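K.L.:
The listed protein sequences correspond, in order, to chains A and B. Using numbering that gives the first Met the number 0, you'd call the opening residue of the first sequence number 0 and step up by one each time. Using numbering that gives the first Met the number 0, you'd call the opening residue of the second sequence number 0 and step up by one each time.
Treat the hints as calculated values from the structure; they're not laboratory data. This one's a predicted model, so the numbers in the text were calculated from it and none came from an experiment. Among the clues, some could well be false.
Claimed, not checked - Label pairs and their in silico Cβ distance ranges:
no., chain 1, residue 1, chain 2, residue 2, range
1, A, E113, B, R564, 52 to 58 Å
2, A, V162, B, A147, 51 to 57 Å
3, B, G874, A, E146, 41 to 47 Å
Claimed, not checked - Which chain A residues stay away from chain B? Per the calculated CB distances, all over 12 Å, these:
no., residue
4, R85
5, A109
6, R145
7, E156
8, D160
9, A212
10, T236
11, V257
12, E258
Unchecked claim - Derived contacts from chain B toward chain A, CB cut-off under 7 Å, selection only:
no., residue
13, R56
14, S95
15, R97
16, G442
17, Q697
18, H700
19, D825
20, S986
21, A990
Cβ atoms here follow ideal geometry from the backbone N, Cα and C, with glycine treated the same way.
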Amino acid sequence: MTRALVIRAAGTNCDAELCRAFEMAGASPDLVHLDRVIAEPRRMEDADLIGFPGGFSYGDDIASGRIFAMRVRERLWPALRGAVVRGCPVIGVCNGFQVLVQVGLLPGPARGEEWPIDAPPTPTAALCDNVSARYEDRWCGVEFVRESVCVWTRGLEGLGDEVGRLPSAHGEGRLVFGTPGTLARLESAGQVALRYKDNYNGSEGAVAGLCDATGRVFGLMPHPERYLDWTRHPWWTRLDEGQRRGQTPGLRIFINAVEAARSVAV
Amino acid sequence: MVRIEVRAREGVTDPRADAVVRQGASLGQPIARASTARVYLIEAALTDAQVRLIAERLLAAPVVESWTRGASPTRSGEAVVEVHPLPGVMDPAAQSVREAIRDLLSLDAPPAVSTGWRYDVSGLTDEGVRLLAERQLANRAVQAIHLAPWTPASLPRGTAYRLRLTRFPLRELDDGALERLSREAHLFLSLPEMRAIRDHYRSIGREPTDIELETLAQTWSEHCVHKTLKSRVRYSEAAKRDSETRGERGSESGGGAEIRWEGRPGHVVRDDGTVEIDNLLKRTVAAATHELIGDGVDWTLSVFKDNSGVVAFDERWGVCVKVETHNRPSAIEPYGGAATGIGGCIRDVIGTGLGAKPIASTDVFVVAGPATPADEVPPGCLHPRRVLTEVVAGVRDYGNRMGIPTISGAVHFDDRHVGNPLVFCGCLGLIPRDRVRGQARAGDLIVALGGRTGRDGIHGATFSSAELTDTHADEFSHAVQIGNAIEEKRVLDAILRARDEEPTPLYTAMTDCGAGGFSSAVGEMGSALGAQVDLERAPLKYAGLSYTEIWISEAQERMVLAVPRDRLPALERICAEEGVELAVLGTFGTPGRELVLRYEGTEVGRLSMDLLHDGLPMPTKEAVWGDGVRPGQSGAAGQGSSETARPGEGTRGSASGPCLAVSRSGCFPATPPHSLTDPLKALLSHPTIASKHWIVRQYDHEVQGGSVVKPLVGPGRAGGRGPSDASVIEPVPGTGRGVAVGCGLQTGVGDPGAGGDPYLMALAAIDECVRNLVCVAADPSRIAILDNFCWPSCERPENMGALVRACAGCYDGAKAYRTPFVSGKDSLNNQFKVTDPKTGRVERLIEIPPTLLITGLGIVPDVRRCVTSDAKAPGNVLLLVGETTGDLGGSMIQRLAGLGPSRVPRTDLKQGPSAARGVADAIRAGLVRSAHDCSEGGVLVAVAEMLIGGSTPERPIGAAIDLARAHADPIVAAFAESPSRYVLEVSSDAADHVTAGLARAGVPIVRVGVLDGSGRLRAVGLDAPVEDLARAWLGPLDW
């Protein structure tokens, strides 16, 4: 049994679809409130996979994911670090990505460097207001980066322009790095996993998704968990049967993770 | 007071500042430089280390932001605008920050916090700064503007309240005094109602307390009981109007329909032809539903009784649906008005039966033309462009935060809405079939859940029943509120857990606190039992509320539950885990079925449920219709001269669009050939028809992962640009079964300025709604509909006559299409009085045209059969289903091209339903590649939209069209808006089969064209690249 821990808080609202994604991929999801995880950190030790879902945690009134991230940094770092060090695949989608970046989990230390023990790493990136200064919902053409070490996106490189898309819906998705040169370093380390083909939110390097140096911690603004069925594709009524064969790219991302989690458990 | 400012670090883009520059430009105020900062005011004794911790770990992201303690200096040449919420106005950010600081510093109690925005701008005059602040950055109904950094010595807090019981000496009042009291105390009760109350208190030998009077006013308000629609009506028709509407184009008789009044339920026809109806709503809208249920419609689960209507989805689940308007608050504070509108509608769905999970939202707006010159906006009104921008933002911020996809909607533009914008908010929910009914029991506790009670929203119910005047913005600003979606999301999470407890939910009944607050919620739930309430137990936002204020406050995000005593601990545990505040206010059940209200042990009110719920006098309303009688176009409105905004003149589109050019050119030449290119582009650019992608893409329409047919369809960079007829979701993923949502809005057909008839408008709206649903593969025998009337004052018999006719249309339409009404709501008195500030004389009365929104919910048996409107492939054939008639009255082309008078179109109640069934059969058989309904703008606009949706520069699709077989008059053929018509794209192999199928059902169907790879739309008088048409369609509302 592969157990997927999905952590929710007040304002989380993409938890049901994230649970369904793990379930369809063969894992058994366990949806738990952040307060409960803080009270019982062993829940993180027991998890084979960890998901931070999308939404507007705690209202996102200061900035997206800010309070959720603060609580994880202040109260949950040892347990989260433990999971990451043991190789547990972690995903943060949209608000979850905003949380992981502010926790400092992404992009994380360079290959070969240790995760700090006492406190989480200082964040080196941020997800800021879209250049349009407003929330936008669209299905983006995305490039699954061939050179990436990300385990979640394995085998998705080279998807065609029609099916190689992901739905995306956010107001604060513009990825900004704190220092020049960070992007180039991440690219050469294979940590850029996903790029927008049409960089509508103004992210540096058109980056839509990042992973850590091991490729097991993955965060992205688009929502693969909203693309588990072909009838969710924005123009599925004109795709031919051949294009709609097999699993959707969204589902394949989660299947990759479940396989990676099983290889750890073994 | 600790003040912390957070701003973008030097060199990091600040999109909010860029937006301020754009806003300045839109006001003609060029801003040289702008920057923004978030301001946090924290009232607490904090050490420097604590302040640093709060700033760096909570308020600022050091990677991209810097922070300052205190006010950072103003640069020379720059002006500062600071915007802070007025005292008592909801500040969701402050609530988050309070709790987060408590958590971060491990404090016992959270500090007081307030938040604001600081804008530094250069290049503006003082007047420019003022304009920017008032028109764009703040709304003074809820926010204060400071022209320098603002750091108060302390944050406002309430002062303790001491009980002072207030009685109104009512028994001796004469009519004049009663009317004055009703107005001055904001009760908005009529004289007969005030008399009934006075007589009641005479009979029981005492004077009423203020809380009793307020409770009666709330419970008897138009908003809460729909007394106009439920009243007794006497309706008469004047001589037929005939000649005036006989136009050159196809009109053989008068503008209105002949309605046969005999034989309708509860309608008595007198010898003089007068029709008397004892309860309009019951005898029309509700009667249709009950007759349909009696005639085999066995899939409704709850109609008209609860907060929303419920129909069967499958064996296990029901779907509920509710649509409300929030017009008055949105006129004064569009952002908060729309947000609390959707928030309230969502709560209605949550509070249906024993609890439903909201699964989708809808929104429909009607506003004045966006290009209205600023100096033509009457005093007391906001500019329509600002109204629209902010209502969209309000729906966006509330719906997105709640995690409910906003999937369907419409926007219409008409200048008569300059003072009365319409904001319709809808919500759908999923409910287990064994949780559809709840009933409170005597002895159950009255439990309030969710937000705290404050002074916000006091008198919303009575305010929404009054007409607007230019002084309302000041007088009623307390009726306006800002919502807090996260509070409501927490309440939802807690309720769904409590609902799903085994073996039964932790409560026996539930309702939301909407209009009237606790007074309505407790009054409704306890109507059969009585209730006793201890008002001091309600958690308050701040001290100082009187017992009456607590009772009638409409503060948001509150629910009332009836909880058996032994289930309370379990409910308390869930609420604690979800961070939801819970308070036990009292008990249901009193010996005499009374409502007993106490404050700190003192009885402050005692009312019999009989008086509350059955004591309202129902006077007879006069209604007329006929020659020279024009609803929605009043003459002198009681006093002074008056002038109404003229319909017909159309709504201003984009100032530079082709729309005005066509208007000026007047009618088409008398003889063909007519160039159709310019009129087509003008229609596509009219804001009512133009693409709403600017709105759609601000809503999360994908959350919950169930979107099958999205509001925008077809291929494209952002995922589709074609308009969808209706949206489809798969609410229980993996079942393959879907719910479709769509609407019909045919104000033009009922438009008094175009010789319209509200009876025909209702038929056309039901027909349009059904077509929209059928086009995406909904089963036409499984469509439930809702009525939302927005009307001018029904004190005018002409407007009441229009309402009677619209209701007759609802009855006939619902029965013909076998679409039961399951819920509805009305908003009356939508008119705006512009008064001279000096004399108080009414200068102008602007009435809205009678407006009926029909919302439809359809079941889609198999989502894999769904069809979208985007053109699919060259070689396919286009078929036009339904008959095209020469009735151009109320059409877009009549308004845009200044065509002469013409009859408004009739809906054929045999052919319309047959066409819907025939098209649905063809779609179910998999024979249809795309389907689109013909509505505003007619066939040519429909085909253009299909091409815009399906064609891309890389893979162009075009069409060659020949409409001669649809109608001999090329203008009629191209632009008539005859109802019951569809454009279908089918493969050339399937064309004969589909044609034969519909012809067998007696439905006209003609081949009107074929798709090709040209990327051009061609017909006689028309040859235009699809990309040009796309630009005309996409541009006007690309804000």
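K.L.:
Each hint: holds or not?
P.N.:
Hints, verified against the model:
1. A:E113 with B:R564: 52 to 58 Å: At 56 Å between Cβs, range holds.
2. A:V162 with B:A147: 51 to 57 Å: Since V162 (chain A) and A147 (chain B) have Cβ atoms about 56 Å apart, the given range 51 to 57 Å holds.
3. B:G874 with A:E146: 41 to 47 Å: At roughly 42 Å between Cβ atoms, E146 (chain A) and G874 (chain B) fall inside 41 to 47 Å, so the hint holds.
4. R85: holds (27 Å)
5. A109: Given that every Cβ of chain B is farther than 12 Å from that of A109 (chain A), nearest at about 17 Å, it holds.
6. R145: holds (22 Å)
7. E156: Given a closest Cβ separation of 21 Å, the condition holds.
8. D160: Per Cβ check, D160 (chain A) is inside 12 Å of chain B; nearest 10 Å; violated.
9. A212: holds (19 Å)
10. T236: violated (5 Å)
11. V257: With a cut-off of 12 Å, V257 (chain A) remains clear of chain B, as the shortest Cβ separation is near 18 Å.
12. E258: Fine: 22 Å to the nearest Cβ keeps E258 (chain A) off the interface.
13. R56: holds (6 Å)
14. S95: The hint holds - S95 (chain B) has a Cβ within 7 Å of chain A, the shortest such distance being about 4 Å.
15. R97: violated (11 Å)
16. G442: violated (32 Å)
17. Q697: holds (5 Å)
18. H700: holds (6 Å)
19. D825: At 32 Å from the nearest chain A Cβ, D825 (chain B) fails the 7 Å test, so the hint is violated.
20. S986: Since chain A brings no Cβ nearer than about 13 Å to S986 (chain B), farther than 7 Å, the hint is violated.
21. A990: violated (19 Å)
Comparing the model with each earlier hint shows violations of hints 8, 10, 15, 16, 19, 20, 21; every other hint is respected.
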